[in-house]
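Chains D and Y, in that order, give the protein sequences. Reminder that position 288 of the first sequence reads as 288 in my numbering, one-by-one numbering, no gaps. Reminder that position 120 of the second sequence reads as 120 in my numbering, one-by-one numbering, no gaps.
It should be emphasised that the hints constitute simulated quantities derived from the structure, not laboratory data. Here a beta-carbon is modelled for each residue, glycine too, at the ideal position from N, C-alpha and C. Among the hints, a few may not be true.
What the hints assert, rightly or not - DEER-style ranges, computed between Cβ atoms:
hint	chain 1	residue 1	chain 2	residue 2	range
1	Y	G40	D	A172	37 to 45 Å
2	D	R288	Y	G330	57 to 65 Å
3	D	A198	Y	K227	55 to 63 Å
4	D	A172	Y	V226	54 to 62 Å
5	D	H224	Y	P43	31 to 39 Å
6	D	R225	Y	T315	47 to 55 Å
7	Y	M1	D	P24	36 to 44 Å
8	Y	R285	D	G250	36 to 44 Å
9	Y	M1	D	K167	26 to 34 Å
Listed here are the chains, written in short residue letters.
Protein chains: 2
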Amino acid sequence: MKKVINSVEDVVRDALNGLAAAHPELSVDVVGKVITRAGGPTPGKVGLISGGGSGHEPLHGGFVGLGMLDAACPGEVFTSPVPDQMAQATRDVNSGAGVLHIVKNYTGDVLNFKMAAELADDDGIEVATVVVNDDVAVEDSLYTAGRRGTGATVFVEKIAGALAEQKAPLKAVTDVANEVNERSRSFGIALTACTTPAAGKPGFDLPADEVELGVGIHGEPGRHRVKLQTSSELAGVALSAINDDMPLAGQDLLVMVNGLGGTPLIELYIAYQDVASHIAALGGRITRQLVGNYITSLDMAGFTVTVCKLTNDLTTLWDAPVRTPALRWGV
Amino acid sequence: MKKVINSVEDVVRDALNGLAAAHPELSVDVVGKVITRAGGPTPGKVGLISGGGSGHEPLHGGFVGLGMLDAACPGEVFTSPVPDQMAQATRDVNSGAGVLHIVKNYTGDVLNFKMAAELADDDGIEVATVVVNDDVAVEDSLYTAGRRGTGATVFVEKIAGALAEQKAPLKAVTDVANEVNERSRSFGIALTACTTPAAGKPGFDLPADEVELGVGIHGEPGRHRVKLQTSSELAGVALSAINDDMPLAGQDLLVMVNGLGGTPLIELYIAYQDVASHIAALGGRITRQLVGNYITSLDMAGFTVTVCKLTNDLTTLWDAPVRTPALRWGV
């Protein structure tokens, strides 16, 4: 295993120290593993919290800031954070307007966020929860009951974050978060497996001439393996799966082509060209787009496609100012 | 070779199509391979052009926009663009105030930009050139006479771009570009070799337990190979090499920890923690920083460190608004 680390045990701690040093606009509790905005909670604003296992950077810590999250709780690599982290974060960002937990649909995350919400309830803090489950590839996996939460998490955090920044009430912020999730679908393709520091070797065996279609962001198995195909063919597989589940014809779409951590940007732009062609052929209209590494899987090579059916209101919220380490515009 | 591509021949064309589709704020001539701002040249403003082989994305196309470049000329992968590209770009961005060519110090790039400048001179366009040569690792390599140009290119493009945006004259923009180059040093470390699409296999053999110290952004050999070390040890090697060449004690510093394309962000933050520690131990003060993938080497795993000694004026120009696909703040 070749990684830029100091020790397997210190990966998350060291990365949080680096995040804190690189981003003085964040407040990073390295011991408690909670990342918040440096300025503390915004009076009258619903607090937005997300979290999950590390290894998906910039998700979630890179999305803390104006117009997006108030706090992120990173667990160990590919391991849910513990309820105390989310409970502390909930107290930290609460300004009296309530707190929304944005949870990717993995069993551990769902359970631990639920316990944190109960702890917050004991403290008299109103908590709502949205569970993101956008991955059309499989219905169940080792990690989750029902669909996995993947790329739509970025859209939910951005759009709900924009509405919260306008001081909308907790119910409205929760409703828009659910709306974005319901209107979003994702599909992932792996060219290589990822290697967790603890395992020290790739999470699964993928022959040198095969790709895994429908892979999850922890290297969970996908629908099936095929021989390596062209970018256009791979994009076609992803878009067919998404379109079968949620027809795209006639829709205004927000589209993300996301790298899984080990894929260079030049390949992501090639994939985006082909994704855009397939969407046009399906009758969809891309009106907003994002190409880059936003929700990764350590060093995995490959990409995911996420599509959200926009409305005028969702487009306005997507365009609203955001200032975070990983997503920034309008300010 | 596993890559998200359609064919070896079409890599750059397809990536440019994707860039164009993803960024309507750019004007991309896919056939002529010139990327400019969609709005055309800015009246009264010096035009800034850079270019070089593809495979280093987001460099240079991702840095075209307000406050940075006016045009980028991508060559084939790891291959200099041809003089006609830079000549066309020079005509495209010329508004009468002159044009600055920002050239990384590789023999082909230097030669071809020189020919383009002569063509522009024939057209009556005043052209100045800055050659970036910040890599302290080696004096000569297969690709260059003298030091290689690497990470400082990002700093030069940002800072000279900010001054040009203020409508400063060509001489002042050229002077600040040279100043940034002279005050910057870089050092790179590879964990793996990169694979060009044309070669189809890694550019050099690196044993599973070794790293290459002082590697170039095309996989050029470095100073030597050593057994895999910790992030802190690797950062120490990079900072020692830089500090030996340009002492950092007492200086205000802009620091970039840059991923080479195949390194996940979590590892870059670990490296940044250790880079920051070593700089503090050397008596330097980091006042600005950048962590991410800015000048890559296809799918190479590893990172580079670039350090620039700031002045108050350079800091102000660094902080000035920038709106490009890969670097964005203040607007």
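Here is what the structure says about each hint:
1. G40(Y) - A172(D): 37 to 45 Å: holds (42 Å)
2. R288(D) - G330(Y): 57 to 65 Å: violated (22 Å)
3. A198(D) - K227(Y): 55 to 63 Å: With Cβ atoms ~21 Å apart, the hint is violated.
4. A172(D) - V226(Y): 54 to 62 Å: Given range 54 to 62 Å: holds, Cβ gap about 57 Å.
5. H224(D) - P43(Y): 31 to 39 Å: violated (57 Å)
6. R225(D) - T315(Y): 47 to 55 Å: holds (52 Å)
7. M1(Y) - P24(D): 36 to 44 Å: This hint holds: roughly 42 Å between Cβ atoms.
8. R285(Y) - G250(D): 36 to 44 Å: Violated - the Cβ-Cβ distance for R285(Y) and G250(D), about 56 Å, lies outside 36 to 44 Å.
9. M1(Y) - K167(D): 26 to 34 Å: Cβ of M1(Y) to Cβ of K167(D): about 52 Å, so the range 26 to 34 Å is violated.
Going through the hint list in order, the structure does not satisfy hints 2, 3, 5, 8 and 9.
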